[in-house]
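Peer 1: Protein sequences, first through last, are from chains Y and V.
Residue numbers for the first sequence follow my numbering, so the first one is 1 and each next one is one higher.
Residue numbers for the second sequence follow my numbering, so the first one is 1 and each next one is one higher.
By construction, these hints were calculated from the structure, which means they are not laboratory data.
Keep in mind that this is a model prediction, so the values were computed, not measured.
Ideal placement from N, C-alpha and C gives every residue a C-beta, glycine not left out.
Warning: the hint list may mix true and false statements.
PhoX-like cross-link-like pairs, simulated, lysine-lysine; straight-line CA separation at most 25 Å [to be verified]:
{"hint": "1", "chain 1": "Y", "residue 1": "K140", "chain 2": "V", "residue 2": "K47"}
{"hint": "2", "chain 1": "V", "residue 1": "K180", "chain 2": "V", "residue 2": "K253"}
{"hint": "3", "chain 1": "V", "residue 1": "K322", "chain 2": "V", "residue 2": "K180"}
{"hint": "4", "chain 1": "Y", "residue 1": "K138", "chain 2": "V", "residue 2": "K47"}
{"hint": "5", "chain 1": "V", "residue 1": "K314", "chain 2": "V", "residue 2": "K180"}
{"hint": "6", "chain 1": "Y", "residue 1": "K86", "chain 2": "Y", "residue 2": "K285"}
Rough simulated footprint, nothing fancy, chain V against chain Y, three-plus residues with beta-carbon under 8 Å [said to hold, decoys possible]:
{"hint": "7", "stretch": "23 to 30"}
{"hint": "8", "stretch": "73 to 80"}
{"hint": "9", "stretch": "125 to 134"}
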Amino acid sequence: MTSAKKSLLSVEAKKRLLREMLFARRFEERCYEAYVERKIGGFLHLYPGEEACAHGVIEAARAGHDYVITSYRDHVHAIKSGMDPKAVMAELFAKETGCCKGLGGSMHIFGVEQRFMGGYALVGGPFPLAAGIAKGIKMKGGDEICICFLGDAANNQGTFHESLNMAKLWDLPVLYVCENNLYGIGTRIDRSTAVVDQYQRVSGYGIPSKQVDGQDVEVVYAAAREAVEHVRSGKGPYFLELMTYRYRGHSMSDSNAYRAKDEERMWSKRDPIIMLRDRLVEAGKLTEDDYKNMDTEILNEIEDDIIKFAEESPEPSMELLDKYVLVENDPWVKGEAR
Amino acid sequence: MAEMMFWEAVRRAHDEEMTRDPLVICMGEDIGVVGGTYKATQGLWDKYGPERVIDTPISENGYTGLGIGASFLGVRPIIEIMSVNFAWLATDQIVNTAAKVHYMSGGQLKAPVVVRSPGGTAHQLGAQHSARMEKVFMGIAGLRVVTPSNPRQAYGLLKSAVRCDDPVFINEHELMYNMKGEVPDEEYFHPLEGSEVARQGKDVTLFGYNISVHWCMQAADILSKQHGIEAEVVDLYALNPLDRAGIVESVGKTHRAVIAEEAEPAVGVGAEVMAIINEECFFELDAPPVRVSAVNAPIPYNHTLEKAAIPNAKDVVAAVLKIFGK
Numbered sequence: 001m002t003s004a005k006k007s008l009l010s011v012e013a014k015k016r017l018l019r020e021m022l023f024a025r026r027f028e029e030r031c032y033e034a035y036v037e038r039k040i041g042g043f044l045h046l047y048p049g050e051e052a053c054a055h056g057v058i059e060a061a062r063a064g065h066d067y068v069i070t071s072y073r074d075h076v077h078a079i080k081s082g083m084d085p086k087a088v089m090a091e092l093f094a095k096e097t098g099c100c101k102g103l104g105g106s107m108h109i110f111g112v113e114q115r116f117m118g119g120y121a122l123v124g125g126p127f128p129l130a131a132g133i134a135k136g137i138k139m140k141g142g143d144e145i146c147i148c149f150l151g152d153a154a155n156n157q158g159t160f161h162e163s164l165n166m167a168k169l170w171d172l173p174v175l176y177v178c179e180n181n182l183y184g185i186g187t188r189i190d191r192s193t194a195v196v197d198q199y200q201r202v203s204g205y206g207i208p209s210k211q212v213d214g215q216d217v218e219v220v221y222a223a224a225r226e227a228v229e230h231v232r233s234g235k236g237p238y239f240l241e242l243m244t245y246r247y248r249g250h251s252m253s254d255s256n257a258y259r260a261k262d263e264e265r266m267w268s269k270r271d272p273i274i275m276l277r278d279r280l281v282e283a284g285k286l287t288e289d290d291y292k293n294m295d296t297e298i299l300n301e302i303e304d305d306i307i308k309f310a311e312e313s314p315e316p317s318m319e320l321l322d323k324y325v326l327v328e329n330d331p332w333v334k335g336e337a338r
Numbered sequence: 001m002a003e004m005m006f007w008e009a010v011r012r013a014h015d016e017e018m019t020r021d022p023l024v025i026c027m028g029e030d031i032g033v034v035g036g037t038y039k040a041t042q043g044l045w046d047k048y049g050p051e052r053v054i055d056t057p058i059s060e061n062g063y064t065g066l067g068i069g070a071s072f073l074g075v076r077p078i079i080e081i082m083s084v085n086f087a088w089l090a091t092d093q094i095v096n097t098a099a100k101v102h103y104m105s106g107g108q109l110k111a112p113v114v115v116r117s118p119g120g121t122a123h124q125l126g127a128q129h130s131a132r133m134e135k136v137f138m139g140i141a142g143l144r145v146v147t148p149s150n151p152r153q154a155y156g157l158l159k160s161a162v163r164c165d166d167p168v169f170i171n172e173h174e175l176m177y178n179m180k181g182e183v184p185d186e187e188y189f190h191p192l193e194g195s196e197v198a199r200q201g202k203d204v205t206l207f208g209y210n211i212s213v214h215w216c217m218q219a220a221d222i223l224s225k226q227h228g229i230e231a232e233v234v235d236l237y238a239l240n241p242l243d244r245a246g247i248v249e250s251v252g253k254t255h256r257a258v259i260a261e262e263a264e265p266a267v268g269v270g271a272e273v274m275a276i277i278n279e280e281c282f283f284e285l286d287a288p289p290v291r292v293s294a295v296n297a298p299i300p301y302n303h304t305l306e307k308a309a310i311p312n313a314k315d316v317v318a319a320v321l322k323i324f325g326k
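Just chain V, same shape as in the assembly:
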């Protein structure tokens, strides 16, 4: 098991899949000659050439649609949208075509396309470069949505997504590309459904995904050391479909739930997890579930205000303590 950075794990998945299958291609802005804004495709242009590692014009809806069209013929494009803020422009092709074409053709066509894109709030990028779009895509029937929280998942989810016949949106995070983590030396395929228990606990479940898993892990540590509360952390790496059974199992054990999300609260991951808890295990609860979400505002430029807009581990701790009346 080797340690590597998140971007290296993503790059490795690209490289292995492109070596195996000549119909795997990657495309996006600055991914070829430049090697990708976050280095996720570094060196691939030299290795596989411009027909398979395609520097696209800045035409998000156009090149996403082009990738989807190619996927109809069995090409397996990995499309990088440089920032999810730009993916809004491609929602037409992702939602209206990729997510629906298998259904509306009566099962005749498949769109085995992967769209990867980093979202989240980074360092003072302002309102139009700090979007969190997972809640938009996870509500679309026909589109798989996964979101890795570490290099192992980033590698394994991309490997499985490339081979899966469904369209898959991979929600990455701008702040996580240099995060280090262990990745198996041998090939590894992460499931596209389910959840992972990142830390066992008995008193409360902290649900996180992508970057918020890390807030939950830090919070669990603080809760254990300083407050004697043993929190379980569940990593929801799959947002569509969500792991109903995994959510119910953990809440059935801890009887309390806090959901940490980087996005605004309305119509988001927290709302959806709470709905599942409500529907499936309401009578298991010892306290009402709580969301820890971003402020309901565009992300401000000012650094202090930006930090205040986004939750962190302390907010998760505070939410748990409130549940326990502390």
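Same shape as in the complex, but just chain Y:
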């Protein structure tokens, strides 16, 4: 693993990232509460512990310009891509003001205007979709790239191998980011996967790859800059493995009983938010009070602004039930749109 060297990020950028990651943490924790209160239904997969991954990578790309696609653990990627947290929370509350009008839910957050191309519930499903988005970029001649975030367990799907092969064969502008949190639902990686280091599995496809510490946002950012530059320069795909840990179970229905307490304690000492905070405090760029005030502001914003909006928004109207099954009034259906 690569460790932090000279920082590529300004103090201001680091402070902003600290705030964004803390916001992501509090947002997800509030989702947990809302789920327990039954305000959020279905399955809910939370991101605490992994914040440095989405933030470090998307910070190194151009949010709103580059395309981002991911799995069902998607709220934080959506927000970092530029989506309004209110529209995300309202979607979780299944309201008509939600980004998908209450039709998608936690696992299907979409923000096409921000080029957040969605969360998908089938493990490994986005691998080929990302390659396809990259094919579209290439055909249209833009300088965008597509970034696909998936977990380590997705790499045991056939789509992983099929997509890496095609991405390299056609040198598509796609960056695959593996958030390796060491567990596929409740099964530890060494019990499901013959080769534990995921970046090694990519070498068979001729794709450059790297494994770095996914808890240190500065390390993630530095590695992602290289990766993004590689992909954007037309050299084809890149695979970046980020070693990380999720604090909660796979989803809310997961009792999380399969992990050793020692392991959890060890990872909690490497919390991405605390690490960055302490570094800024040590450098004299942030005080403990600054941090506390930041946290209070965030908690207030989530409660007074975001939750209030979601709570007070209307339920979707019944006409939405089948409105988007097919595209409305497509003239070619009648074969006479010429």
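Take the given structure of chain Y and dock chain V to it, following the hints.
Peer 2: Relative to chain Y, chain V alone:
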């Protein structure tokens, strides 16, 4: 109006759409340099190049997903899956992504992708190369399913499918690529919904789609010449959505229905058409509707057994005669 073969009609639709729109691409196994197992893309690789006529690896779910992803950006891929038997591997991307993404994104994303694939039973290809998958795809909300019975439909359905913003699955047939038929000289866009009355009649309606339309036409001929029964033949070129109004109209006229399908009977086109008749025009019926379906078994290799597994025009005639008590 020129006569051309089914494969030529499919090829012509590709060619015209690719000339018109640089974002129309085609992809699949052996479709480029080789020109397609059934020649549906012959010559296009030379004309449009490897960026738009893409020979894919044998990774059905992967390249189908890739095409769907490209369609999110407005690319219009025509994906050929060499045989529907291999399309089972791509059902994940077709069903979980293409058919659902418009809905679950609250109308934000569209997946204007065309997947064409030949199914059906050909000549002793065995159980794993004789699948009939139309009944699987026609039951999926959000996925259009059409199935041409002649070169004119093959051409016009592909033209409309490429331009339509919905994902469209085109169910072709391995035995039909060399079938000849008239195709308009000018551009023609076949509707993706509805049905066609292929032959007018008053005594019984024979519902067919794809290859079974031809069994129905032969049966109607025999019934008229040998038994004095005038059968109407309705061509259900659209399987999702099915043409409820067209089914009701014809049965309302003939009061009897036989549905001919190449697949096993359970949960298929026949079952669905019968359900519609039951719901919409039960009291119009003079006799219970009848299905003519394949044997409920995998397709055997032995030629005699293979022929016995799949219905034909004689079976349709027999079903009609039974209805009339003959």
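Peer 1: None of the hints should be skipped; say for each whether it holds.
Peer 2: Hints, one by one, checked against the model:
1. Y:K140 to V:K47: Distance ~19 Å between Y:K140 and V:K47 Cα, so the pair holds.
2. V:K180 to V:K253: The hint is violated at about 31 Å.
3. V:K322 to V:K180: Judged against 25 Å, a Cα distance of about 33 Å means the pair is violated.
4. Y:K138 to V:K47: holds (19 Å)
5. V:K314 to V:K180: holds (23 Å)
6. Y:K86 to Y:K285: Violated, at about 30 Å.
7. 23 to 30: violated (count 0)
8. 73 to 80: violated (count 0)
9. 125 to 134: holds (count 9)
Violated hints, in rising order: 2, 3, 6, 7, 8; the structure is consistent with all others.
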